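Student: Sequence:
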Amino acid sequence: MQLTRAADYAVRVMIHLASQPEGAVVPKAVLAREAEAPESFLSKILQSLARAGFIQTRRGVVGGFSLLPRGARASLLDVVETIDGPIALNVCVASDADCHRSAGCPAHAVWARAQSAMLSVLREAKIAEMVSAPQSDTAGQGELQLNPTPPKSAPNGAEGVAKKK
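Going by the numbering used here, the letters in the sequence shown line up with residues 1 to 165, in that order.
In case anyone wonders, no lab produced these hints; they're calculated from the structure.
Note that the structure is a prediction, hence the values are computed from the model and not measured.
Honestly, I wouldn't trust all of these hints.
Unchecked claim - What follows is a list of derived Cβ distance ranges for each label pair: (1) V61 / P21: 18 to 28 Å; (2) G53 / P106: 39 to 49 Å; (3) P86 / Q47: 14 to 24 Å; (4) G60 / A109: 28 to 38 Å; (5) V61 / Q20: 15 to 25 Å; (6) S132 / P27: 21 to 31 Å.
Said to hold, decoys possible - Capping the alpha-carbon separation at 27 Å, the derived lysine-lysine pairs in DSS-like fashion look like this: (7) K126 / K28; (8) K126 / K44; (9) K28 / K44.
Built from N, CA and C at the ideal position, the CB exists for glycine as well.
Put together the whole structure using the sequences plus the hints.
Tutor: Here it is, written out as structure tokens:
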């Protein structure tokens, strides 16, 4: 599963708007530059964010976009699902999925745990809090632990070493 470019751009736009003073109006050209997104492609994304009540549009010479309170409270999950719809690691764990194999599938429980963990992390990440939080690499801090099992040894202690004749 990979987020679409549109969802990625939407997150970038929301974070940029949240970093501005309250009520600031940012022109579309500035948002496109900051999000590193084509301005024409950004138009559709901005419309979706406005329909969701996350941003406000202002027309005219001093026109642009500003973050609404609902947008500041939005989570990464809210923003991504506004653009891409519900997200799932696998079709069998999609919210409306009815997987006929789930009962006997050894991977289903892992997919379900990973899906739950992913949604939880995205739901907890609020746009406004991301702007005020110090930026750091959080990879490997144990937020998602699936408890992998160590590889099994080869029979007879072979451990993958070729025997000489």
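Student: When the structure is checked against the list of hints, which entries are broken? Sort them ascending.
Tutor: 4
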